[in-house]
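Enquirer: Here is what each chain is made of, one letter per residue.
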Amino acid sequence: METSLHRDAGFWVMIAIGLALLVAGPLVWDLFQIMQITQYVVLSVYVLSLSYIWGFGGILSFGQAAFFGLGAYTFSVASINMGETTFPFLLAFGLPALFGAALGYFMFYGKLSDVYMGVVTMVVTLIFWKLINHTAGPEYAIGDARLGGFNGIPSVPVLNVPGKPEAWLDPGQMFQVFMAILVILYIVLRTLIASDFGRVSLGIRENETRAALLGYDVRRHKVIVFAIGAGIAGMAGGMWATYQTFVDPNVFSLEMSAKALIWTMAGGVGTLAGPIIAVVVLQYLSLKLGEMHVLNNNFILGGIMMVLVLLVPKGGLPTLRDALVALKARTPAALQR
Amino acid sequence: MTLSRRSFLQASAALTTTLAAPSILHAKTDTIRIGGLHDLSGAIDSSGVPMDKALRYAVAELNAAGGLLGREVEAVTYDPQSNMSLYSQYATQLALKDKVDVVFGGITSASRETIRPIFHRYKTLYFYNCLYEGGVCDRNEFTLGTTPAQTIAQLVPHVMGLWGKKVYIVAADYNYGHISAAWVKRYVEENGGELVETEFFPLDTTQFGSSISKIQGAKPDIVYSLLVGTAHLGFYRQWAASGMKGEIPIASSSFGGAGTENVMLTPEEGNGMVVATGYFPSVDNAANASFKAGIKTFYGNDAPILGEISEVTYESVKMWAQAVSETGATERMGIIQELEKGKSYDMPAGKVAIDPDTHHTIRDVYIAELKDQEMVIQKTFNAVQPSDTQMVCNLSKDPDSNKQFEISL
Amino acid sequence: MSEPTPILTTEKLVMQFGGVTAVDHVDFSLNPGELRCLLGPNGAGKSTFFKCLTGQLKPTSGTIRLNGQDITGWETHAIVNLGVGIKTQVPNLFDGLSAYENIRMAARRRHLKPMAKERAEEMLEKCGITHLARREVGLLAHGQRQLVELATVLAPAPALVLLDEPAAGMTGAERDRLADLVLETARRAAVVVVEHDMAFIRRIAKFTTVFNRGAIFREAMIGDIMTDRAVQEIYLGKQADVAA
Amino acid sequence: MDYTVIVILEILRAISWLVILAAGLAIIFGMMKVINFAHGEFLMLGGYITIMSHNAGVPLWISIAVLAPLTVGLFGILVERLVIRHLYGRIIDSLLATWGLSLLMIGGVTMVFGNTVQGVSTPLGSIAIGAYQVPGYNLLLIVVAALLMAAIWALLRYTSAGLIARATMQNPDMAETLGVRTSWVYMATFGLGSAVTGLAGGLLAPLTGVAPSMGVNFVAQSFITVITGGASMIAGTLSAGTLLGTISQGVTFATGPVWGDAALLLAALVLLRVLPQGITGRIFRKSL
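Residue numbers (UniProt numbering), protein chains in the order written: chain A, 1 to 337; chain B, 1 to 409; chain C, 1 to 244; chain D, 1 to 288.
Treat the hints with caution; some may be incorrect.
To be verified - Below 35 Å or equal to it, Euclidean Cα-Cα: the simulated DSBU-like pairs (lysine-lysine) are:
| id | chain 1 | residue 1 | chain 2 | residue 2 |
| --- | --- | --- | --- | --- |
| 1 | B | Lys219 | A | Lys130 |
| 2 | B | Lys403 | A | Lys164 |
| 3 | B | Lys296 | B | Lys341 |
| 4 | A | Lys288 | B | Lys403 |
| 5 | B | Lys219 | B | Lys292 |
| 6 | A | Lys164 | D | Lys33 |
| 7 | B | Lys99 | B | Lys403 |
| 8 | B | Lys165 | B | Lys341 |
| 9 | B | Lys397 | A | Lys164 |
| 10 | A | Lys314 | C | Lys117 |
| 11 | B | Lys185 | A | Lys288 |
| 12 | B | Lys343 | B | Lys397 |
| 13 | D | Lys33 | A | Lys111 |
| 14 | B | Lys343 | A | Lys288 |
| 15 | B | Lys371 | B | Lys165 |
| 16 | C | Lys206 | A | Lys111 |
| 17 | B | Lys351 | A | Lys288 |
| 18 | B | Lys351 | B | Lys341 |
| 19 | B | Lys371 | B | Lys166 |
| 20 | C | Lys117 | A | Lys111 |
Think of the hints as simulated: they come from the structure by calculation, not from any bench.
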């Protein structure tokens, strides 16, 4: 039940895999594969933002896309105006985190219940989506950056070496930076979850009243967790914008929010590795489907989602883990016989 | 498109095998490979499917005539599912992994601006085949669809001559709508008319009651529509329901580009609208007759509804193939230089030539009236220049340009 | 002899739900180190009164003072942080965590990490549940859960302990252990116990407050309360009501 | 003066439209606490059924009022038996499953019917008010919204089925011990909610273009109406519909459609902050 982080094999395996890919990836993959895998890395950072607040803080957000989009636009606008990307990248974390804190304050201090909270986060996302879609006219510009409405902002700068605006990262380097971010994020989140702060989050997830009865300020705690999640989602948005060199209102779409939910569900709520695996598997699947012309792809994806929920309700990783445990438990008995 | 049980089973079987062995998709090597990127599912599949079909038909036609340079032409096509991240992935895949010689595709401006820089970076020739707001300036791209100045410059004076001077614009709230509205305003004023009001609608607006009341209050002579998409069809429907059909006529340069809107409205709702694009199925020439007959035979009951975007897709493949035959190779710069000679090609849409300065087309523009779901051509304008893009783009002077200019009026 | 400063007082405390007055102008006072039992039939307002004290409900009017400080309308966690331990009527535990983790989290509020560990182990032993330390509390029996909850309440060594029906669902042996624990706690802290279980009350009660219809009905030593005809009547009357 | 009448009529139309749009969802959410994310696609299906049957020669009114609700209702029962039934009490799972369902339906309808179909014209002609003309169909929408609410109210209030439904809604375990087969109640409820949504889709068909992906345009509005309405089906839907419809349509007239939409969303946000349980969580609590 309570295992120390440094004794958890899974933790070290994940870090080892991450570091191995980080070092070896650019050597063995071709450009296309690197681009492909970079995308999975960015989306993994994004999904962790929800997996953390949902699985380890009990906060369900239908609006992670609001922060993802905010981060993407923040990065794009700031980097176009400043001509370099380091500060904008920090801003892509900071601004959504602040906004998350404000929204969290609004919700948690207003004592909104679960379903209603879900709807508020969804509505906020929709407001962003509506407003950003409305910015097609030339009057909507922030400094040098035209917001562009439905068409979005083209030519978002590629990440550069801090302090050297001319030194753009090539795709291999960008992959390594992003992979490093993912590995660090994973370590930070696991450490955070294992810390006292993390235990309290878990406690709040389990029973808010008891947490308050022990003297923990539930509302403040939830606001902090929510803001951390918002910051991570925003950072992922910034990564997304610079990876695509392009950003459009789809970053604020309901679909984007839903994907985070789907990946977390499919991978398993209450794990971090599961959702990352789900990102890779499901994104690869939708990529492969688009290469074929057999059935309508919406039809297939929708079917897969329904089957997943019905047959693997706990999510991939926990189900796998349970199966392994069951297998282990059975083996000795079989040997005795 | 209908689906029998048997074809469903075949499809499922195909799905299983392809999932198991995706590599067999890319087995052939001695063919000429071209790429196609059109949304076959998701929100804008109604545009993507006809374009994809036109592309495949063009390829089949080439192969039936013995292929290109004696080699078979193979179309590598993907379905980006109306999803920008898939667009950028497939574009990278086409350029780097499939190593195709040319790519045809992209529908919305957002999708084009996602993939255009990728093809530019990886030096893969690219054709964009939709009517759009204009301004793209990239020597690696050829843009064959009409731009606002081409259609609006003809349509505005035409309808003002027919109906009167007071114009009310209803437009979709995105770049295309805003830029087109600015052009309409300019031509209305140049022709001595008066612009009463411009109203913009988000692309998901379905209820137009309040705007229709406002128009009734303003009493314009002409309603000029720059609305886009299925949701916006509600405008024409509610317009007719308010009894405005026959009271104030509607003109549009955005309606009918895909060729699908006119069949989604009933005759009572659509009749009498006057529209302008670069192609209607009713264009009368030999190339169009054989194009229509050929694609009908090729697809049978599944034949796509034809409109500017599908005809232009067909056109782009044919034009590229002719350039390949002329130069005797698929090499990118050779093709670009060949097309920049500005030769005129006989296409179903009439005579089409590339403007070397902008890589847009100088082409015929048609004005038609909608009658029982058919576009009846009333007037043809020959060799119309893409004057809007010409204002901002000159590839002869600046061949390294790699962006879409904002055309401000 | 001067009166000692009370640790907890309420003045004209009122709690209304719509048209129903659940707590009706209650003036209550508790001295440091005192053990007080609250009695009363079902619906007398004991639990509502209790929830006002713990900040789970915001009183309609009146004031609550803790060590002289006005805490009316404070959030639960803020009240707790003044040194109050609360056990609610329905056990509130982190069901997905182990008994040890539950208690340690409570102790961690007061103590540094190593101390918290020690304190948690001490509490496990004191409550006689060391053997349950690693068990997930969601899977424990009701009485065992009550003991775990008591341990979490006592772990930070609060100066005021509020217990709502701590004996519910306990076996005889568990109840005896509980009574000892309460008595021992009362040596160092003020304790308020709401309880129905008469056997349990007899073991621990001294000065006792009886609630009826939202107001204080009697305050006296337990012996006097037990023999009070009027008190018996409100209990019986209630039962008669239920029977009818 | 004429203009004022027009504005009021438009606002009434907007309110009625929100009520019709949200009613089916309110039944399903209010009774079963299941969030049906495929609500928009149920609407779309209703629209498609109406158009396909009308184009096949069925009179329009029969298509809208009979075929669309019937087909979508039956489809809803099928969905309930195959999917939703397994997911009671699991709000998130049911949300994800119905999200999958929505994609499946978009794809399925595209494959079966195609994405380019001829719509139907709005029936009933127009009515002149001074210098203005409004579609007669708008008045029909207002009447239908009123009738629909009255019918649901009567069903819940006066029929034994309604009594069972209310009992199950209050306390499913208790209802079960009284011999109610709650699983049947849920199936019937889901079917009824779907049928009402099918009717809404049928009514929508003659107003706008019908395409497989149209559902997404409506799902957010429906949800927000239901949630801001709160727990009680009729009072909640009516009060939220009235409030949000008035605000959004009023702002649309004053400025334009973009700000109208934004105002609706902002109003919902503020409302939920002030009344975290929705309107009927605080006021009209006793109503149905």
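Enquirer: What are the numbers of the hints that this structure violates, sorted from low to high?
Expert: 5, 6, 8, 11, 14, 16 and 17
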